[in-house]
Amino acid sequence: MTVAYALLGFLEEETRHGYDLKQAYDALFGAGRPVQFGQIYATLGRLERDGRIRLAAQEPGQGPERKRYEITAEGIDELHRWLSEPEAPEPHLQRTLFAKTVLALTTGRDAGAYLDAQRGAHLERMRELTALKTGADLATALLADFALFHLEADLRWIEQTRGRLDSLRQEVTR
Amino acid sequence: MNDGIIDAKGLVKDFGTTKALRGVTLTIRGGEMVAIAGPSGAGKSTLLYCLSGILQPDWGTVTFAGRRLETLGEADRAALRRREFGFVFQFGQLVSELRAVDNVALPLVIDGVRRVEATHRALDWLERLGAADVARETPDELSGGEVQRVAIARALVTGPRVVFADEPTGALDSIAGDEVMTVLTEHARAQGITLVVVTHEPRVAAYMHREIVVRDGTVASREAVR
Amino acid sequence: MTRLAVRLALRGGRSGLVRVGLIAIALAAGSAMLIVGSWVLTAGVARTDRVETRRGGPLASVDMLLHRAQGVPLNSVTSGRPFVIWSKTSLSAPRARTITAFGIAPSGTDAPRPPGVRAIPKPGTALASPALRALVDSREGASLRAALPAPIVGTVGNELLRDPRELVVVTGYDIDTLQRIDPGAYLLESFHPRHTINSLLFVVPITVLATLVLLLPLLVFVGSAARVGARRREERLATMRLIGATPGQARLVAAVETGIAGIIGMAAGIALALATRAWLVAHRTYAPGELPTSGTRLLALALVVPLLSAISAPLALRRIGMSPLGVDTRRHRRSVSPWRWWLLALGWTLFVAGALLATRGDTGGWRTSASPLLLTGGVVGVALGLIGAGPWLVQQGAQLVERRAARPSSLLAAARLSEDPRAGFRPVTVLVVTVFVATMLLVLIPAARRSPTASQAWPWTQDVTARPDLQVTWNPIRADAALAVAAARDRLARVQGVEAIAPLHAGTLSPRTGDVPIPWPGTDGHVVVADCTTFAALVHGSSRDCRPGVLTAVASGYRAGDSLTLGPSLSLTVAGQLPLLDRAGVLALVPGSFAPPQLRDLHDVSTLWLRTDGSRATALRVQAAILAVAPGSTLEPGRTLQYRSIWITTTRWLLYTVLLVVLSLAACSLAVTVVDQIFDRRRSLATLRAVGTPLSLLRRATMLEVGAPLVAATVLGAVNGSVMGFVFTRLNGNSLAVPWLDVLALPVFIAAAWLAVSAIGLAALGRAAPPVPLRAT
Ligand SMILES: Nc1ncnc2c1ncn2[C@@H]1O[C@H](COP(=O)(O)OP(=O)(O)OP(=O)(O)O)[C@@H](O)[C@H]1O
Ligand SMILES: [Mg+2]
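Heads up: the sequence lines are chains W, Y and H, in that order.
Take the first sequence: its position 153, counting from 1, is numbered 153 in our numbering, and each next residue is one higher.
If you want our numbering, it's the position in the second sequence, counting the first as 1, plus 174.
If you want our numbering, it's the position in the third sequence, counting the first as 1, plus 400.
Think of the hints as simulated: they come from the structure by calculation, not from any bench.
Each hint can be trusted.
Some chain W residues judged to face chain Y by a derived CB distance under 10 Å, without partners named:
1) Asp-116
2) Gly-120
3) Arg-127
4) Leu-129
5) Thr-130
6) Leu-148
7) Asp-154
Please read all numbers here as calculations on a predicted model, not as lab measurements.
We put the beta carbon where it would ideally sit given N, CA and C, even for glycine.
Start from the sequences, fold in the hints, and give me the full structure.
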């Protein structure tokens, strides 16, 4: 899921080979667990099919690694929508949140606005859970607390990142 | 748009070379519960003090229920704070020599309520906040959560229209913090009191209707008023 | 490490500097007081010695009366050794001053010389003290020139003078003339002090007592200064421990701080003392030689106070928790147990026991010696008991008010006092003792002053005061004085407006051994003989024991009922004692009209006391009358006749000075403590203001908080003190005369101190507690 948007983000900068894209992805999000070539090519194929990207040039020789892709206007729209929309607050979001932040930075978008929006979405969910808690039985309240603490952890991370966006931008755009 | 109970326009406040507030504009509607969040040193406390007439902004205006705070003298603002506002702080807010019940009764006694009557009402509030059994003790003998309950009782006893709280759960663990926030919001809702809470804890902010994020002395984001 | 400590002391924020400054000021004041006090004391002892010296040496006891009566040749009295005849009388000078007039007649060229006299003046010439010379040369004193016995040809040195301002004339005579004009003149073989002050009995106790009385409040002040910002410093020390400093190093910081203050204070103290000395010398209160500026002595004295404070400052801070975990900032209600009354009760028990023993009378034996001991123990016990009982009283009062208070200010003040009554009472500790002692003395001294005779020995009671409206004085050296007085008396009796005349026979007397040995051989007495009834009309309460042949009072050493032979055909019965520390003066109040003629003859009337209608016209008529009959006499507004010893004068003067100093110091301690306590609670006060408590309310609370213990201390001290003083007065058989002015001055002073301290506290309040919640420091 995030891989697709990451590829869109890289292609927004310039046209690239599949190989370049894997390198770029691993550098930013790999974190010791490099993405498979297969997954890259499969994603590229899907994106091309959906019209988000298209073939820019076919260099001599055979095989997918010879293909150079470029992003379409539709692809840019899609990327933009994704980057500016907060994720629905649910568990295990950290990879997505991180990817969105970094991509926003590398593509020159307003990562702060994104994080603030995400914060709003999280807080809204927390408000619902807090409201659910009042007057509920203990088991329900504890379940709500479970979600609340996780969301709070996300929010803390958001706040932490929000406070260090400038340093992060320098790091990811070199 | 002047339907807020508190209207702040272009608040600027400097402490020497430190620019604590650089033009804050916001509106808080009657009965609303608002969280003020933001990183350390962003100016949250300063904003709260300006809104509640504790500090005078260098620039800008604060209007409370149609009264311009900056036109009032210190004595009038003190009276306003005593009668219309309630306060809950993080530390050191109770008079350590006075017993809990006297701490709660103090604002009433200052306003000329007879001691017996004031004590009666103070006990009543302590009871409602579940702190009746510590009424006769001094603040040093209380736990952090009990201190905050007593402080909330003191803030509510005068029947204020707005309660300002600055990190009310800052010194508490999450259970005590939840309890304190629950009683605070419950009573605020029941009395129709406007609540302004400065906090850096999302779980505390989640008790409020709305959050105002302050960064570097300005309002960074504000949610739509629901 | 030491350098770090110095830096911390000097740069450790304002509170460090304030602390160093306050301690330095206290030490400077203390050192200066000690140095000046020691000067005054030594000078006082030296003065008494000089006065004793000019009274004469061992052979002065040769009774001139006897010599005259029996015609023993003077040479045989001295076995041929050289001698002088030495007489002492007095003359009046303008502004109610007195000139001490010595007469000297040498046996030959090798006759002994009095100190300060380089050459004995030839008959018909006189030497004068610098002050007298200056007076005679001035316009005001020009008329004196004629009144002096002889023209002035030289100056006497300071060695003869009590003090540089004394008016003294030393006139040369030949032996016969001097003996004729002053029958009381002595024969002297040498000039030595007849009595020297027993330093073990007098100087040492006085020094110790004065030092204690002055140093106690001073040390309390140093203690409270050391406490300034103590909490902040405690926190800093705890932080130092946290980063690995040893307790010794942490304490070194405190010690260095006190040390710096000590050095500054010592230097300033010496400077202050030298400035005081310069002032005293410039005003000729003391001669430069009387106040020696030896370096070692100054340094030694200046060291005493810093050393003592080095002990007292850590004592004040002994509750510092030096643990690396910091200080326990939690405060607990510390209740004070009612057992604190026991010392007070014990004191009163001792006192009452002593008083009961004393009233049992003069049975002698163990009771006589036990009674003063019990009384003294009682006074000390009560003084200490008051310190113990004060906090309890404050606590009870505060708790009562705290429960009932309707006003928020009294609620706040009472809560604070009942939370820690000891802290509330601590600043007034010195005050309660001072007020206690002061009221006791204030009741005691005037009561003694009003009583012309006293039946029992007590040092305060040797004070006789009489105040006529007008007073006519003759130069007693003039041979015709007696005639002049007689004439004047008749003439004055006819002047309109004069209501009563009391002739006073005054002179010197050397009583001879009678049935009872004279306690101090060679004692001569000042005698005032007056008509009993007339005297009573002029003087308070003097009609007591006015019976023929009865000496109303003589110096201690005699008992009532003793018979005293004063001359070949003159003996009197002693009615009571008038104890004198200044043993040389014996005051006898004799019912004049019944006084034996011999006594009257011995002493010319030199003074007439007049009671008039008080009008200026009468005064002018009296003046005209005496000018007509008795030229050379002086007419003055009635001077208070004071046969007080130096002791009583000095005591009163000293008492008031000490009181003022002690009370001021107490007020300073109070101010320092109050300000410090406000700064200690600034967070709580600031929050109170933030939530809308008016500053005026906090001000009122502060004033109450300071004022309540002050009132408690004053009432406690005053009640105990005045009751004790009253009992003492009764024991001495004096009538109680309450000195309203003095007694009222005390609360007025305390109220003023309270206002001043409160003002300082209120100023501190505004600064320490802005209406914004303070951040943690
Ligand atoms: N009385 C003061 N004197 C000087 N500077 C001050 C004062 N009060 C606040 N400041 C400064 O103003 C800025 C904002 O302070 P403020 O207390 O409002 O921040 P905050 O958001 O409440 O921070 P925190 O979350 O740490 O409480 C800070 O840089 C602070 O140092
Ligand atoms: Mg704050």
